[in-house]
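Visitor: Single-letter residue listing:
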Amino acid sequence: MNEFVETLLEMQWHEPKSSYDVVIIGGGGHGLATAYYLATKHGITNVAVIEANYIGSGNSGRNTTIIRANYGIPESVRFYQRSLELYAGLEDETGCWIMHATKGLLWMAHTETGMRAERARALINTACGAETHVVGPQEIKQICPQIDLTGSGRYPVLGASYHVGAATARHDRVVWAYAQGAMQRGVTVLQHTKVTGLLREGERVVGVETDRGPISAGVVMSAVGGNVTKIAAHAHVRLPVRTHALQAFVTNAYGLDFPGIISDSELSCYVSQTPRGQMLIGAEFEPQPSYSMQSTFNSLASCAKKISSCLPFLRELRVLRQWTGICDVSADFSPIMGFTGVDGFVISTGWGTWGFKGIPAGGQQMAELIATGTTPDLIAPFALDRFERDHSMADLGSAGTR
Amino acid sequence: MLWLNCPQCGSRPVEEFAFGGELPTVPDRITDPHERDIDYVWMFDNLEGVSTERWFHQAGCRRWHTVARDTIDDTLIT
Amino acid sequence: MLALDTLHGIRVVASPSALDAASWPDNTTVLRLAPDDVFVIGATIEHAAVIATADADAIIVAESGFVGCWLHNDALAEVATHIEWHIPTHRPAFAQGYVAGVPAKLWLTDDRALLLCASPYAHDLSERLKGSA
Numbered sequence: 020m021n022e023f024v025e026t027l028l029e030m031q032w033h034e035p036k037s038s039y040d041v042v043i044i045g046g047g048g049h050g051l052a053t054a055y056y057l058a059t060k061h062g063i064t065n066v067a068v069i070e071a072n073y074i075g076s077g078n079s080g081r082n083t084t085i086i087r088a089n090y091g092i093p094e095s096v097r098f099y100q101r102s103l104e105l106y107a108g109l110e111d112e113t114g115c116w117i118m119h120a121t122k123g124l125l126w127m128a129h130t131e132t133g134m135r136a137e138r139a140r141a142l143i144n145t146a147c148g149a150e151t152h153v154v155g156p157q158e159i160k161q162i163c164p165q166i167d168l169t170g171s172g173r174y175p176v177l178g179a180s181y182h183v184g185a186a187t188a189r190h191d192r193v194v195w196a197y198a199q200g201a202m203q204r205g206v207t208v209l210q211h212t213k214v215t216g217l218l219r220e221g222e223r224v225v226g227v228e229t230d231r232g233p234i235s236a237g238v239v240m241s242a243v244g245g246n247v248t249k250i251a252a253h254a255h256v257r258l259p260v261r262t263h264a265l266q267a268f269v270t271n272a273y274g275l276d277f278p279g280i281i282s283d284s285e286l287s288c289y290v291s292q293t294p295r296g297q298m299l300i301g302a303e304f305e306p307q308p309s310y311s312m313q314s315t316f317n318s319l320a321s322c323a324k325k326i327s328s329c330l331p332f333l334r335e336l337r338v339l340r341q342w343t344g345i346c347d348v349s350a351d352f353s354p355i356m357g358f359t360g361v362d363g364f365v366i367s368t369g370w371g372t373w374g375f376k377g378i379p380a381g382g383q384q385m386a387e388l389i390a391t392g393t394t395p396d397l398i399a400p401f402a403l404d405r406f407e408r409d410h411s412m413a414d415l416g417s418a419g420t421r
Numbered sequence: 138m139l140w141l142n143c144p145q146c147g148s149r150p151v152e153e154f155a156f157g158g159e160l161p162t163v164p165d166r167i168t169d170p171h172e173r174d175i176d177y178v179w180m181f182d183n184l185e186g187v188s189t190e191r192w193f194h195q196a197g198c199r200r201w202h203t204v205a206r207d208t209i210d211d212t213l214i215t
Numbered sequence: 027m028l029a030l031d032t033l034h035g036i037r038v039v040a041s042p043s044a045l046d047a048a049s050w051p052d053n054t055t056v057l058r059l060a061p062d063d064v065f066v067i068g069a070t071i072e073h074a075a076v077i078a079t080a081d082a083d084a085i086i087v088a089e090s091g092f093v094g095c096w097l098h099n100d101a102l103a104e105v106a107t108h109i110e111w112h113i114p115t116h117r118p119a120f121a122q123g124y125v126a127g128v129p130a131k132l133w134l135t136d137d138r139a140l141l142l143c144a145s146p147y148a149h150d151l152s153e154r155l156k157g158s159a
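Going down the list, the protein sequences come from chains L, F and P.
Take 20 as the starting number for the first sequence in the working numbering and just add one per residue.
Take 138 as the starting number for the second sequence in the working numbering and just add one per residue.
Take 27 as the starting number for the third sequence in the working numbering and just add one per residue.
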């Protein structure tokens, strides 16, 4: 039997109660991590996580599993560095094997402008606690011998930034580790339960309407991916978010070890090797907003063409699977966490294509926000009201490739 | 894959176009002029369904035109 | 390898009605890039005097920013394999869009076609159409 199925059978699945202290909409990494930290760090266990499908069925199970903190603005570097450190300790903390592996990440540049960005990235990262160096072509070749430094004669590699702490972890295992940890402490997880509306008293949100009946709550948190605009609209909260499709694919197994993670913002693609040896490749999100999970040949073809220009060995491999997730991309390409201006309703969204790496810190910080009723310093810059305060956290250069 | 109808050039694959965003709308319930400005600049309807948008035909006539597109399955309406 | 040569002419941006009413010498090629935008190969600024009268805000400048070459039937058929969209069947016809993934334009006459693109793309276009002409 599949070990996940075994775990599933051991876990305590409850019928919904009529009321909880905290109801979290969305049983992906962020929702479950928030429930986990509410239970473990703040002793709040009268919590329900409501998932429309099965846990991890959304973007938590569709991403390319990369964990890194090499962002372009200090606030983001600090936040993601916290997340990276929490990930590194997650196996010890939960007792669950998440297949965490520190690999290092090369972020390549092909132009002088690109190199300037990588130099700035290395300085900002290192100053904020995330070790990143600038490396030249020879060092790149030493780290990853498979790279064609001429970019097949078309995209010569000038250099890269090397982010030492970058890692990967198995995404389903992360979801299950948090779910198990939360449920062992009394958190209720309701799968296959759709939230159809929010219960309100005046402007205040006091619970959720579901297809299994109304559930009242002291605090409602939205941790959904892909449908946040509709959830927030129930509370009359408008969001600077558009939903875009993002595609990725894996090849058959590559016989040799592929070192580290390669990312390239000028070609907008990234690649790493799974523990099974498959090459896992992703690109940028589709330009137009869409709720369609249809994968497209054009996306596959353009991404394969770009990534194989620098890694010619990929041309010998075959594509096994291609898939699509729908991502809530914020207007400034940074997450949105915290209060919404509506009492009883908090939010963790705008995770676009950079949400997996933010799960532990996002969960930890949102749990603290819910438990204490105040915004922790680490996520204060990511509050929804930053847009009206004219303090947007624009960082497309770091989010552009995930 | 999505094809758009350029009124000048005809039906072309979406790669030839740049997405210019949905036509911004501000809900009537927002009445404060300053809040309306913030909503206009930052917030999106992000419709699941038929969205009215601006697209720029950058590989052809290099002109903007308005498109109705169904975001549920990413298909062209007009 | 395509021999893409600079095309000399004028570029006129004016009201669509002023462009509709204009007439051009017989030895010019008139490419209507958009309702308010025309590229006339072989014309000079003097030829657009009537437009300047019809539309006081018209922009009329010498244009040498496009390169192109004439293709005969076989070469055109080969180039057409690099085009995803429907090529007009009537003649003469003007069409614009990706050719081998490069923004390009086609002026199709009875017996041949002019393939053109903005000069910065000249190298890419001829590289991608190697063997087509």
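Read the hints as simulated data drawn from the structure, not as lab findings.
This one's a predicted model, so the numbers in the text were calculated from it and none came from an experiment.
Each hint should be verified, as a subset may be incorrect.
Calculated cross-link-like contacts (lysine-lysine; reagent style DSSO-like; alpha-carbon spacing at most 30 Å) [unchecked claim]: (1) P:LYS156 to L:LYS325; (2) L:LYS249 to L:LYS122; (3) L:LYS60 to P:LYS156.
Footprint (simulated), chain L over chain F, 3 or more residues, beta carbon under 8 Å [unchecked claim]: (4) 138-151; (5) 156-166; (6) 180-189; (7) 203-209.
Where is the CB? At the ideal position from N, CA and C, for every residue including glycine.
Visitor: Is L:LYS60 close enough to P:LYS156, meaning Cα to Cα at most 30 Å?
Guide: With a Cα-Cα distance of about 65 Å, the restraint between L:LYS60 and P:LYS156 is violated, given a limit of 30 Å.
Visitor: Are there three or more residues in the region 156-166 of chain F whose C-beta lies within less than 8 Å of some C-beta in chain L?
Guide: holds (count 4)
Visitor: Measure nothing beyond the straight line between the CA atoms of L:LYS249 and L:LYS122; if it is 30 Å or shorter, mark the hint as holding.
Guide: 38 Å, violated
Visitor: Regarding the pair P:LYS156 and L:LYS325, is the alpha-carbon distance no greater than 30 Å?
Guide: The given pair, whose Cα atoms are some 20 Å apart, holds under the 30 Å limit.
Visitor: Verify this for me: three or more residues of the region 203-209 of chain F with a beta carbon less than 8 Å from a beta carbon of chain L.
Guide: Holds, because 3 residues of the region 203-209 of chain F bring their Cβ atoms closer than 8 Å to Cβ atoms of chain L.
Visitor: Is the listed coverage of the region 180-189 of chain F by chain L valid when you require three or more residues with a beta carbon under 8 Å from a beta carbon of that chain?
Guide: holds (count 6)
Visitor: Checking C-beta pairs, does the region 138-151 of chain F have three or more residues closer than 8 Å to chain L?
Guide: holds (count 4)
Of the hints listed earlier, those the structure fails to meet are numbers 2 and 3, in rising order.
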